[in-house]
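Heads up: the sequence lines are chains A and B, in that order.
Numbering of the first sequence is given in the working numbering, commencing with residue 1 and proceeding in unit increments.
Numbering of the second sequence is given in the working numbering, commencing with residue 1 and proceeding in unit increments.
No wet-lab data here; the hints were simulated from the structure.
Note that CB positions come from ideal geometry on N, CA and C, so glycine has one too.
Warning: the hint list may mix true and false statements.
Label pairs and their in silico Cβ distance ranges [stated by the list, open to error]:
no., chain 1, residue 1, chain 2, residue 2, range
1, B, K294, A, I149, 46 to 56 Å
2, B, P405, A, I103, 23 to 33 Å
3, B, K104, A, G108, 36 to 46 Å
4, A, F81, B, R98, 39 to 49 Å
5, B, K230, A, I149, 50 to 60 Å
6, B, L395, A, Y132, 34 to 44 Å
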Amino acid sequence: MDFLVFQYPMITVQACLDGLLLGILFALIAYGMALQWGVMNIINIAQGDLVILGGYIAYFMYLYGIHPAWGVIVSPIIMYFVGIAIYKLVINKVVDRDLFISILATFGISILFMQLMNFAFGADVVLANSGYGTTMLFDNNVVLPNSKIFSAFISIVFAICLVVYMKRSKLGRAIRATAQNARAAKILGVDTEKVYAATFGINAALCGVAGALISITFTIHPYMGLPYTIRSFMIVIVAGLGNLPGVAMSGMGLGIFEEFADYILGTEFRIGSVFLLLVLILVYRRFKLSRKREYLK
Amino acid sequence: MKIKNILITFVSAIALLFSTSVVSFAKVVGDKIILGAAISLTGKYSSNGVHTQNGYNMAVDRINSMGGVKVGGKTYKFDIIYYDDESNPKRAAQLAERLISQDKVEFMLGPYSSGLTKAIAPVTEKYGVPMVEANGASRSLFTKGYKYLFAVLAPANLYLDVAIRTAVELNGGKGVRIAQAFEQDAFSQDVRLGILDAAKETGSEIIIDDKLPKELNDMAATLVKVKQMKPDVLVVSGHTKGALTAIRQISEMKVDVPMLAMTHCDAAKLSKQHGKNSQYALCASQWHKTLTYKDDFFKDGMTYAADFEKEFGYDPPYQSAESSAALLVFKDAFERANTFDQKKVRDALAATNMQTFYGNIKFAPGGQNVDKPMVLFQVMCDDAGKCENKVVAPLKWASAELIHPVPKWSER
Numbered sequence: 001m002d003f004l005v006f007q008y009p010m011i012t013v014q015a016c017l018d019g020l021l022l023g024i025l026f027a028l029i030a031y032g033m034a035l036q037w038g039v040m041n042i043i044n045i046a047q048g049d050l051v052i053l054g055g056y057i058a059y060f061m062y063l064y065g066i067h068p069a070w071g072v073i074v075s076p077i078i079m080y081f082v083g084i085a086i087y088k089l090v091i092n093k094v095v096d097r098d099l100f101i102s103i104l105a106t107f108g109i110s111i112l113f114m115q116l117m118n119f120a121f122g123a124d125v126v127l128a129n130s131g132y133g134t135t136m137l138f139d140n141n142v143v144l145p146n147s148k149i150f151s152a153f154i155s156i157v158f159a160i161c162l163v164v165y166m167k168r169s170k171l172g173r174a175i176r177a178t179a180q181n182a183r184a185a186k187i188l189g190v191d192t193e194k195v196y197a198a199t200f201g202i203n204a205a206l207c208g209v210a211g212a213l214i215s216i217t218f219t220i221h222p223y224m225g226l227p228y229t230i231r232s233f234m235i236v237i238v239a240g241l242g243n244l245p246g247v248a249m250s251g252m253g254l255g256i257f258e259e260f261a262d263y264i265l266g267t268e269f270r271i272g273s274v275f276l277l278l279v280l281i282l283v284y285r286r287f288k289l290s291r292k293r294e295y296l297k
Numbered sequence: 001m002k003i004k005n006i007l008i009t010f011v012s013a014i015a016l017l018f019s020t021s022v023v024s025f026a027k028v029v030g031d032k033i034i035l036g037a038a039i040s041l042t043g044k045y046s047s048n049g050v051h052t053q054n055g056y057n058m059a060v061d062r063i064n065s066m067g068g069v070k071v072g073g074k075t076y077k078f079d080i081i082y083y084d085d086e087s088n089p090k091r092a093a094q095l096a097e098r099l100i101s102q103d104k105v106e107f108m109l110g111p112y113s114s115g116l117t118k119a120i121a122p123v124t125e126k127y128g129v130p131m132v133e134a135n136g137a138s139r140s141l142f143t144k145g146y147k148y149l150f151a152v153l154a155p156a157n158l159y160l161d162v163a164i165r166t167a168v169e170l171n172g173g174k175g176v177r178i179a180q181a182f183e184q185d186a187f188s189q190d191v192r193l194g195i196l197d198a199a200k201e202t203g204s205e206i207i208i209d210d211k212l213p214k215e216l217n218d219m220a221a222t223l224v225k226v227k228q229m230k231p232d233v234l235v236v237s238g239h240t241k242g243a244l245t246a247i248r249q250i251s252e253m254k255v256d257v258p259m260l261a262m263t264h265c266d267a268a269k270l271s272k273q274h275g276k277n278s279q280y281a282l283c284a285s286q287w288h289k290t291l292t293y294k295d296d297f298f299k300d301g302m303t304y305a306a307d308f309e310k311e312f313g314y315d316p317p318y319q320s321a322e323s324s325a326a327l328l329v330f331k332d333a334f335e336r337a338n339t340f341d342q343k344k345v346r347d348a349l350a351a352t353n354m355q356t357f358y359g360n361i362k363f364a365p366g367g368q369n370v371d372k373p374m375v376l377f378q379v380m381c382d383d384a385g386k387c388e389n390k391v392v393a394p395l396k397w398a399s400a401e402l403i404h405p406v407p408k409w410s411e412r
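Only chain B is shown next, with the shape it has when bound in the complex:
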């Protein structure tokens, strides 16, 4: 019995020693560059967390199979340590600490959502760990003076201002009357700020300005007001539940509004869950597969979408595409820095100027990507009820013409 106990102690001591010794060299082990990421694999963000993880994994496999990363004449491969942050900002910050101080990770990838990125950014900043993130768009992330935070996506305040500008343009340059309803979270409130700016610049008037609760599943009151006040544009942003609730109630209450603009339509699988009722909705998107950006790894959007579908069995939402792009940015920066020194990699990241299948990437001093406009797509359905998202703005990438004003419910 005694011998057995001693044996167990001995074996576990060796195991412990072995595990710590592996982990403590985690930055670059052999030919591997190890990145750390806390991602929401459970909890309320888990579906988008999984999209993010799939995007990361797809890019890691692709880059590794196409020759890896060349630094100092040697070829390295990417590897990612994932932890589940349970969609909880506190947990995310703890995990970032753990990745950096225990696992000795020296480069990080971002989590999903602005809220969690906000929780992690102070930690990576404290340790001087460069983080490329692909899913935190809140403007407040880029006004704090973070030096080690880089976002491949356009900031939240740019999500829907294209819609307002388009509406004004179609109104002959005159201001429009806007009704808006936004959830009370960092992201949606930033989208709201963008609308306020656009309204001010175009001389538009905001006639309804509602805030939606976190537990939102009924926005009938807002829609009744819209029915009475007849605005030119209705803007809704409340993640997937906002998009789904809005379409359900707009179609049930037969609310006629010339332009309906939203966020998170593709994450909400609007056209699948609502079919023809979602027709004509305008949606802000970071990316769409029909855009014609190119790179050497994924070729272009269409090829990326086809490869992604083959691997994961569904059409990639933009959350996956931008996550894949984050890895391309890291690879490019490592090769230009030609070292694993964090400071030099950080400087190389700051000097990034490249095109990926996801879009052009060039960081402003605040860390946001300023070289990639948002696109708007419109849900369009054929007579058989099959719906598709088609890019309608900006005109450069438009694959269909914007249908405006939206036909009345009585005429559909």
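Okay, chain A solo, but in the shape it has when bound:
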């Protein structure tokens, strides 16, 4: 235990800002998960691996001399088609089955992706340098790498675009209709098969954006996907499905929670604390549910 974070007010500010910027990025990944969970009732364990794959796209652009920031445009386009391909090959066969089958299937995809990325890109840890510099606040006591600010900004832009798209476009309406009641939507002429494919594609595209941002802000590695899956799962559990403000809030909350856990418990418990929080929330939810007797035992 270390309470340094409360002794220096500037560290508290730093932790909050770091957590906030990080949380916005998490929220973007979680939003993709919430979307396809809500529409298709699939928990995608491969979410984090899609993120890492998106990161590698930005990294390769960087290697070939293109600024990695362009990755936030190129990566989602490529990832959209990767998502559609995964849907056509695997997900459409499990979409109507129970949750357990879909978890197993996406777990398999996750392992496959890890190994393929390792095979294709090697096991080295890599990163893309944006060269964005640093913003200093409060007399140089609080430092914010501009790459983090950039990530948060881009995440917000994509989230807003997505919300508008969902509200205004035909496909967006179809997706929402399918999420509410797939059978009714089908009867009313919505091609749910197409909607599912598009949803999975959009989710993969969001992962692509997030991955590109992560390669600019942090590092990527074929086996680093799981923590992102867990975080987005956690955010969605807290926020509920189809609740974007909730996802954003719980994303930022998780970011700040992680930063403080890092300072107080130590960096080694950073991801562990997320797992712990997840368990606590699940237990709490179950407890609440069983009190209300809302479901059959």
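Following the hints, put chain B in place on chain A, whose structure we already have.
Just chain B now, kept in the frame of chain A:
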């Protein structure tokens, strides 16, 4: 149809018989000494696994082309059976069993990483198979009383204590304030123990002692603390991801610290991935090509590096150099033992006292090499942004002078 089936059965039976009969004589077949190795060719250690394999292969080719190994008046050539351990300790132990009990290998080369060596060592020990390993530096490998394990590299606790001692020396012999962040794996924790020892001996104080997770890609919290507490030395060890993450965030957060010491800089290709931002970082290394050790096979470090580059297309990291050295040690031991009796070879290995291009090799009773100090190099860049690693300590091999304290970010 029936005849075809019988024919297939017959052919496969013959093939099976043939394959087993070849394998069961695998120790020394004709003029070949067959060594076994489980190496991480896939999985998270695969890049360093490949460096290891390249090092082994390079030495095998060189020794074979320069006359091979002379035992009992006959000349033998080296050959290696490789298996892929998938970077998984359990798999590595299984493969060691398989190499020894199925393939009948009687001499082993080590895998990559301390963790995997730890998994294999009990197996080789059980069967009394001498193993020369080049990539397991964890101190705990050498305190278990293993008799058949020999490591050509210096143990992990010696990686960075040179840095602390140098810092104390530059501080006029007074203790320094140390901030440290280590990943939670066998190797990094041993490096940490070495620092604790050095701190105790020099009267230094450890003011930040953070542990980093396996999935490390953000150490901002540690660096914020460093910024506030202003230590004299910052030590980071977390394999390649630790080195890369540290440099990225130190440069982005403009953390000023007079001395930054790390491990795995060359494996992380720091100067290539980070360019000028990695300047002034001090890195622990088992070997550097500018060291002036010599042997008959590779001549010296510079020649080794040039030959390696010609063969594999990249500058050899120390992981390759130490792997090549392992083969030289085996050759030397076989010739001195003048037999393939495992026990006698083991005794010959224990009595090794030689110089290779990689360094002097002499084993302590625990199996670690005690005759080769670690070197520290510093990343130095010219104005055009081209960076190079230059040895700065120990002074005997220094090719450049240590730049200390590291200039502040505002002055760069």
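Right, here's what the structure says about each hint:
no., hint, verdict
1, K294(B) x I149(A): 46 to 56 Å, "54 Å, holds"
2, P405(B) x I103(A): 23 to 33 Å, "53 Å, violated"
3, K104(B) x G108(A): 36 to 46 Å, "37 Å, holds"
4, F81(A) x R98(B): 39 to 49 Å, "42 Å, holds"
5, K230(B) x I149(A): 50 to 60 Å, "26 Å, violated"
6, L395(B) x Y132(A): 34 to 44 Å, "40 Å, holds"
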